[in-house]
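Peer 1: Each chain, letter by letter, is given below.
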Amino acid sequence: MPKVKNHTVLFYLIFFVVFLLSMTSAHGANATDTEVGFKKCMECHPKIQKEMNQKGRHEPFKKYQCSSCHNPHTSNYEYLVRNEIGTLCKSCHKGKKGSFDKKYSHLPFEEGECLKCHNPHSSKNPKLLTARGEQLCFGCHSDKEMFSKKNEHDPARKGNCLTCHSHHTSDYEELVEKSPERLCVTCHTATKKSHSNYPVNGTDCMSCHNPHGSNRNKLINENLHKPFAGKKCTKCHNPAGSANPLGMKSKGISVCTTCHPLIKEDFRKINTHVGDGVFCTNCHTPHASNKAHLKKAKEKKICTACHQDTKERLKDKKNYKYKHPSVIEGKCTECHRPHGSDFELFFRTDEISTCVGCHKKHATFTHPVGEKTVDPRSKGEINCSTCHNLMGSPHDFALRFNQKKQLCIQCHKGY
Amino acid sequence: MNREPLLYSLKNCELLIVNGHNGLKVVIVYRKINFVILFLSFFLIIPATALCAGKVRVKHLTSITGNNEISRFGLLGGVFFDENKKRLYFTDTTNSRILAYDADFKYISEFTGGGVLASPTSIVKNSKGNFFVAEPAKGKILAIDIGKKSVKPIDFSAVSGANPVYVGNMAVDSEDRLYIVDKANQRLLLFDSDLKFEKEIPVEGSRRLMDVKVDRAGRIYALNTTDGSICVYNSKGKLLLRFGTRGAGEGEFDFPTSLAIDRKGLIYVTDQHKNKVFVFNNNGRFLFAFSQLGWREGRLHRPSFIYINNSNRIFIVDRANTRISVFE
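Chains as they are written, first to last, in our numbering: chain R, 1 to 415; chain S, 416 to 743.
Excised from the complex, chain S in its bound form (with noise of 0.2 Å):
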């Protein structure tokens, strides 16, 4: 019997076959395989990789810092993009005022109200062009008509609860339908476009409600911090989807503080403790992470509010940093 190999030989590998006694084997031995291994590598396999785990998703796009010509910021609050006059809008605690940016990132104006706005933090606008400002401070949510000149406390008379109201951050849905965190009461409370109060969504298990927000479908998400849960209710205030947890693995976090929903449904949360920002996706599952601790542009420092445009910029108050970090 013929036991002698056969080899045939192919421009990047051998085909050697054996006629052994359990019949014939067919061996392939790449010569160039380290060739190809590298070549898959550095073209195919690691793009893909990082393009699947969404690291080139995000990059910085600008930040928006204080200056002599408007001062320096302080504390700073919330921000809301204005997408009909496509203006940005953020507040400024400390120096109780609110700063309007255009699209290019160029400063505007401020609005200090005549000495009306005394420690602002959320602010929203609705598609008449009334904003909302949170004091919570004060315990109020003050209406501000820049038309009509006029700034009115929303009426919580008829909300009823054990604690009185505190106000914590707010959203403005596609119907001019207000949602306010109430820390107090661990519960979200609905006003409609009239600012007469609707209804609450008590968020059940929270230990401290931060944050609010509403998708383009009306699904309503919300924040719980200390116990690091994101609910998801839909716009009757049923809930669909509770998840998140806090921990040091991966997608867990250290002391959430503000969520985001961008025009594709993926959930971003800034996380103030770990620096970054985390990225879900509808189903809460994590998808990748980004930034982290630093001063440059481009890291965060306490970030503690996120707001994502529909054009899909995303600002993120920095906190520690003192300024608005733009991703895109």
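For reference, chain R alone in the conformation it holds in the complex (with noise of 0.2 Å):
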């Protein structure tokens, strides 16, 4: 019996030693596997080797893993690789503490379009960046204007623009930091003495300053509304020393229609964009800003706040690939009125008009359109939008259907 024991100790010795053998042995060329495939790859793509001699490489890269990234014989997707290339990237980087899942995110990242700020296989730059610092953002954000005043902010001025905004997500709009009430302060104070002794901590800063840059003083906005230009604060407000300094002197609307009351006209309409309070500065700024009429903030930026659906259709690019220039410049106002209108869909005129009033060749020369013509689908006059759809379509010139195969049959029966 014993002398069997000895056996089977042997036995199971000699199975555990052959048994690491082949397990050393099969890593070994399995990493050899990775490095011959690497090198097959290489032999078509020698450019990409020499980005081995890189010092920020992705790790699959760095490790020869082409095929974690691509599928050497078929894909759907350009370069042969495996998914979209921000499903791709999303399925290793998730991000760390919900840090993608902020309410507010930077466009390309929403896009799915990672590689416009990074590399894929390596870079000189840390994250893999393309571009350091300021040219990576200034490479989109090259609004001259916007960072060529005679004052600018100091972080915008050297670049850093990450001392105030995020990369990817944030919870707050423009993707800053921290709230706008908060941001500010957490290098500067806001005095009451520089305020014409309003309390003016806890406010949006940016409601009168330019965070990147101004020609005036203390980056204060290009344009200023009168009383705020001539510092007659009580215009609209109470006094600084009253017990509620940042109040209004009276109710709702009334505060600006005092001065501007033309504009209550503008609002007595079919379709109105009226609302409670003091509801224009839904849109306008009553201090100053750097847009036209004390805009808040761009035109598509305003209308797509309350206007989300659209704000998603002029984000997809399959669906509603051709859109009217106007709705792609955001320029909303050129064919809606942006306080009311007794017009429908709130056209400055009735939509006719209002398309050839550019559109002139088509006023003499198109399908038969108004009041004497009919639909026959729906009984009703046909109109520009009867065939267009001018906030987006999949077709050409914005039509609501092929006009090579499926348009004209859907009146125009028999042909």
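It should be emphasised that the hints constitute simulated quantities derived from the structure, not laboratory data.
Keep in mind that a hint or two might mislead.
Listed below are the simulated DSS-like cross-link pairs for lysine-lysine, each with C-alpha atoms no more than 25 Å apart in a straight line [said to hold, decoys possible]:
1) S:691 to R:311
2) R:124 to R:55
3) R:269 to S:555
4) S:691 to R:321
5) R:317 to R:405
6) R:251 to S:553
7) R:291 to R:149
8) R:264 to S:553
9) R:291 to R:235
Build the complex: two chains, separate frames, hints provided.
Peer 2: What follows is the structure, encoded as structure tokens:
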């Protein structure tokens, strides 16, 4: 019996050694396979091999794992990547502590265009960024006017965009790191003395100041509301020494219409943008702005703050590929009246007149439109939007249907 | 030990009994399983699913369009069905008129009030036969007594508020109380049957109050467009329920414009941009949607107003198709 036991021990020992050897050799063979695979790739893509010398390399690239991201045979995506870039990247990079799940997103991040800022293989910059600091941001945010003012905010001048902004997502508009009320006071102190004795702590500094630069002192925005320019705060507000100094002198919209009486009539329309309180400030700033008519922001941003579904349509490049140029440029008021209108969809005049205001040729030659025409489907009149969906369409000229096979036969049966 | 399986054949299945190590095992094998599934699908499952989903509940009945006799319709405003006289009334805002149709949707007459009407939008009628027509451009609600041939604006002098009243849609309850949307103060104004201002119901958190309806039990429904929500109040104005949101998901709104309540208490909401009507139960749970973008009858293009009468006929102002689409 003891002899048998010795044999058993020996057998298990040999088995263990053979198992270890086989595992080691198998691992060695795999590593070699990866490298062999990588070399095979580099035979046709030699430029990429040079990237191996870069200090910062993407982890799979560093490990010769081309097939982590690419399918060597076929793919539905450019560069034979395994998925859409955004989805592919996010399959590994999920964001720390919900940092990818905040309310506002950087547009390239939202659209899954990670490669707008990052290199996929290697980079001399940290985080595989395509460029460093301000060079990266200004690559897209190249509004020279914004950054070439007489007075510039120090971080903007130095290109330290991330002092105030987040790069991927944020809980706040404009991707700022903190709420507007808390952001500026991280470095600055808002004193009563410099604000005509009004307690401005806890207010949004950017409603008056430009955080990048301005030709005015103290980075005040370019266009000023008259009472603000004249430091006549009490035209609208209670006196600085009163119990509620930031409160308004009168109720609701009368704060504005006392000086702008004609505006009231703009809102007395069938379709109107009236709201509660001082609803003018839904779109306008009462102090200083860099936009015409003291608008709070770019038109597109103001309008889509409420018209959220339109915002989504503007982003949808597949189903709404063809849009009216004014829609693309966000110039909503070129066709729609911002305060009120007696015409459908807040048009400036009736729909056809609104369109031919610019499309003058269409006023002389076109498919019959207007009062004397009848859409055989609805029995209503034919107008421009019968065939065009100006907010966006997958078809040329923002047509509602494919003009080569669907559009005309909607009404002209039998062709 | 006998391990041969025993086989019993029935009409549509086979019973297989196996004597294994752990005892007897019985296996039923359906021979005609495809037939069974096919049968169930066609005659039971598919109709039942469709019924549950409500897709067969609503069908298009007819459309009311303009013609040479009464001229083309312009921008259409509101709809009201008079249950006593069995008449349908709706406003043609652009052409400054109210049109009347009978229960078979035959044109009866138009009312312009000798030029009194300018841009009428919402319209309701109380049990005394008086019409109320909203004239937002004038900032008025006109009370029209056809019998006395009088047209008088409702007195808003007792109504206070930060902004002057901007009238929107209206509703009348079973006690002839009048409910008016005040867009400039995001509230509902309540007038008694003698047209005296009774009280206001602030619609808290509303960003664009658009429509109001009252059901048979006196519950008040308010629709907020910008935040895509529906608030339900009891007759005393206490908030009972708030539901709805904007978004791309099922039962979420793009741009809700109007709401109505049927006899069963289901809540119907038109969506101007999704070109659909969403239906919710009285707890705010989404049930189903009907119609889609289109120009042919039964389809909708920018629906702007909805009204449901006691016969559960659904009248929709199909604004971009310049017609009233009737469903049931």
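Peer 1: Now tell me, hint by hint, if it's right for this structure.
Peer 2: Consistency of the hints with the structure:
Between residue 691 of chain S and residue 311 of chain R the CA atoms are separated by roughly 20 Å; this keeps the pair inside 25 Å, and the hint holds. For the hint linking residue 124 of chain R to residue 55 of chain R, the alpha-carbon distance of about 6 Å falls within 25 Å, and the restraint holds. With a CA separation close to 12 Å, the supplied pair residue 269 of chain R and residue 555 of chain S stays within the 25 Å bound. Between residue 691 of chain S and residue 321 of chain R the CA atoms are separated by roughly 23 Å; this keeps the pair inside 25 Å, and the hint holds.
Distance restraint check for residue 317 of chain R and residue 405 of chain R: the Cα-Cα separation of roughly 22 Å lies within the 25 Å cut-off, and the hinted pair is therefore satisfied. Taking the CA atoms of residue 251 of chain R and residue 553 of chain S, the gap is about 21 Å. The hint holds against a cut of 25 Å. For the hint linking residue 291 of chain R to residue 149 of chain R, the alpha-carbon distance of about 15 Å falls within 25 Å, and the restraint holds. At most 25 Å may separate the alpha-carbon atoms for a hinted pair to count; residue 264 of chain R and residue 553 of chain S meet this at roughly 12 Å.
Using a Cα cut-off of 25 Å, the hinted pair residue 291 of chain R and residue 235 of chain R holds, with the two alpha carbons roughly 22 Å apart.
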